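Read top to bottom, the protein sequences are chains H and W. Count along the first sequence starting at 1, add 1, and that's the number in the working numbering. Count along the second sequence starting at 1, add 51, and that's the number in the working numbering.
Among the hints, erroneous ones may be present.
What the hints assert, rightly or not - Which residues of chain H face chain W? A few of them, derived with a C-beta cut under 8 Å, are: (1) T5; (2) T10; (3) Y30; (4) V49; (5) A76; (6) A93; (7) V94.
Hints listed in this document are in silico derivations from the structure and should not be mistaken for laboratory results. Keep in mind it's a predicted model, so treat the numbers as computed, not measured. Ideal Cβ placement from N, Cα and C applies to all residues, glycine included.
Now for the letters of each chain:
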Amino acid sequence: MATTTASLTLTSTDLFDDSLSISNTSTLYKAGTTIGLDQTTGLTRTYVTATTQFDPFPVVKGATNADENGRVYIANLSEEITEFITVSIGDAVIGRLYAGDFLWMPWSPKLQHVNDLEITPSVATGMHIEFMAIHNYANIYPDSADS
Amino acid sequence: MATTIATISLASSDLTSSALAFSSSNPLNTAGTATGLSLTSGLSRTNFTNDPIQEKVIFRSDDAATNGSNKVYLKNLSTTPAEYFTVFIDQEEMGRLYAGDWAFFPWTATSGVKETFTVTLTLGSGAVEIGDSWEFDGIKTTSTTAVLNTFASEINAQHYPNWTTTVSGAAISFTARRAVEDGVITGDTAITGDVLVDLNGSNLTAPITAGDTNPSTRSESDIIIVPSVTTTMDLEHMLFHE
Numbered sequence: 002m003a004t005t006t007a008s009l010t011l012t013s014t015d016l017f018d019d020s021l022s023i024s025n026t027s028t029l030y031k032a033g034t035t036i037g038l039d040q041t042t043g044l045t046r047t048y049v050t051a052t053t054q055f056d057p058f059p060v061v062k063g064a065t066n067a068d069e070n071g072r073v074y075i076a077n078l079s080e081e082i083t084e085f086i087t088v089s090i091g092d093a094v095i096g097r098l099y100a101g102d103f104l105w106m107p108w109s110p111k112l113q114h115v116n117d118l119e120i121t122p123s124v125a126t127g128m129h130i131e132f133m134a135i136h137n138y139a140n141i142y143p144d145s146a147d148s
Numbered sequence: 052m053a054t055t056i057a058t059i060s061l062a063s064s065d066l067t068s069s070a071l072a073f074s075s076s077n078p079l080n081t082a083g084t085a086t087g088l089s090l091t092s093g094l095s096r097t098n099f100t101n102d103p104i105q106e107k108v109i110f111r112s113d114d115a116a117t118n119g120s121n122k123v124y125l126k127n128l129s130t131t132p133a134e135y136f137t138v139f140i141d142q143e144e145m146g147r148l149y150a151g152d153w154a155f156f157p158w159t160a161t162s163g164v165k166e167t168f169t170v171t172l173t174l175g176s177g178a179v180e181i182g183d184s185w186e187f188d189g190i191k192t193t194s195t196t197a198v199l200n201t202f203a204s205e206i207n208a209q210h211y212p213n214w215t216t217t218v219s220g221a222a223i224s225f226t227a228r229r230a231v232e233d234g235v236i237t238g239d240t241a242i243t244g245d246v247l248v249d250l251n252g253s254n255l256t257a258p259i260t261a262g263d264t265n266p267s268t269r270s271e272s273d274i275i276i277v278p279s280v281t282t283t284m285d286l287e288h289m290l291f292h293e
């Protein structure tokens with residue numbers, strides 16, 4: 002088993018009258034256990050030149066992953082502050098990652114296309130995007146035959 | 052403007068054959084600008100203890116700017132590995148936060164359309180009688196005057212649990228606090244649940260004079276949390292928003 006930790010700090014000296022300092026570290030375990038997640042897609046860096054929606058972690062057709070568990074990291078590496086990527090899941094838009102923004106969220110993929118994660122760049126002039134899943138999914142990238 | 056910095060670090064010495072170690076920091080700015088987000092819900096802690104299990108809406112889309120650069124922070128404070136919160140955005144399941152897990156993600160906060168309507172106090176004859184009343188949303192206003200517009204102002208001055216109001220002459224405009232699918236307008240001239248008392252037979256009425264052409268729709272990106280057990284679980288949460 003692997004030991005992977007994810008840490009988040011949120012700090013501000015002027016958001017409140019008092020300082021804000023939140024710090025969290027969690028170890029990434031398989032669902033309901035203390036066994037470390039042992040699979041990863043690796044950290045992918047891609048350059049997109051279209052506003053076409055795409056799946057960063059395509060789910061294999063016919064696969065089910067209902068009870069599996071994982072964490073997802075997505076970052077917009079653009080340095081142009083007006084450029085964003087829209088992150089969606091299934092039929093819902095989660096939100097926009099503007100230049101430099103990142104997300105870290107749990108993801109329990111189910112059947113293909115049921116709650117796939119999707120990324121849509123705001124411009125076609127070229128944007129760098131990073132993404133990675135740390136998981137125990139049986140049926141996602143790189144064995145995908147997504148359509 | 053405020054400066055708030057979010058930093059994520061991921062580390063592992065054995066997930067892959069080479070060590071994983073990276074860190075990324077970014078200021079939380081409003082959409083498309085270098086201006087820091089200055090609004091926040093504050094760091095909150097919510098207890099879930101319900102049998103049967105009950106979901107809770109942690110953040111409502113109405114509370115943040117649609118398509119803003121809003122950010123949501125969640126943490127499951129449980130220490131029991133099997134306990135988890137399922138995170139939904141509207142009807143869509145995002146994933147499960149197990150004990151100790153945290154999440155930090157953007158939020159588009161797509162709001163629905165809030166219902167609006169206008170009621171205009173109208174006299175068929177005579178004047179308002181002191182003691183005439185109009186009740187709506189559980190709030191009863193009793194006139195202390197014979198002046199129609201003053202009675203309208205008294206209705207406007209009330210605090211309605213589900214509506215905000217403005218007044219212009221004898222017309223009181225209502226706007227729902229929350230965007231929901233089914234409103235109270237049942238037709239061009241009727242609303243559900245209002246009670247008018249006209250003491251002296253002056254034919255005082257309170258018809259809807261505007262609003263029926265603006266149907267409401269519900270919000271479709273509220274953040275909803277469902278615990279996995281009926282015993283106590285605590286969630287920490289914070290919203291940074293426009």
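Would the hint on V49 of chain H be counted as holding, given a Cβ-Cβ threshold of 8 Å to chain W? Nearest chain W Cβ about 18 Å off; hint violated.
Interface restraint verdict for V94 of chain H against chain W (beta-carbon cut-off 8 Å): Nearest chain W Cβ about 5 Å off; hint holds.
Hint check: 8 Å Cβ-Cβ cutoff, A76 of chain H to chain W: holds (6 Å)
Cut-off 8 Å, beta-carbon criterion: hint that Y30 of chain H touches chain W: holds (7 Å)
Does the CB of A93 of chain H sit less than 8 Å away from some CB of chain W? holds (4 Å)
Against chain W, is T10 of chain H within 8 Å by beta-carbon distance? holds (5 Å)
Can the hint on T5 of chain H be confirmed by a CB-to-CB distance to chain W that is less than 8 Å? holds (4 Å)
Hint 4 alone, counting from the list given before, is not met by this structure.
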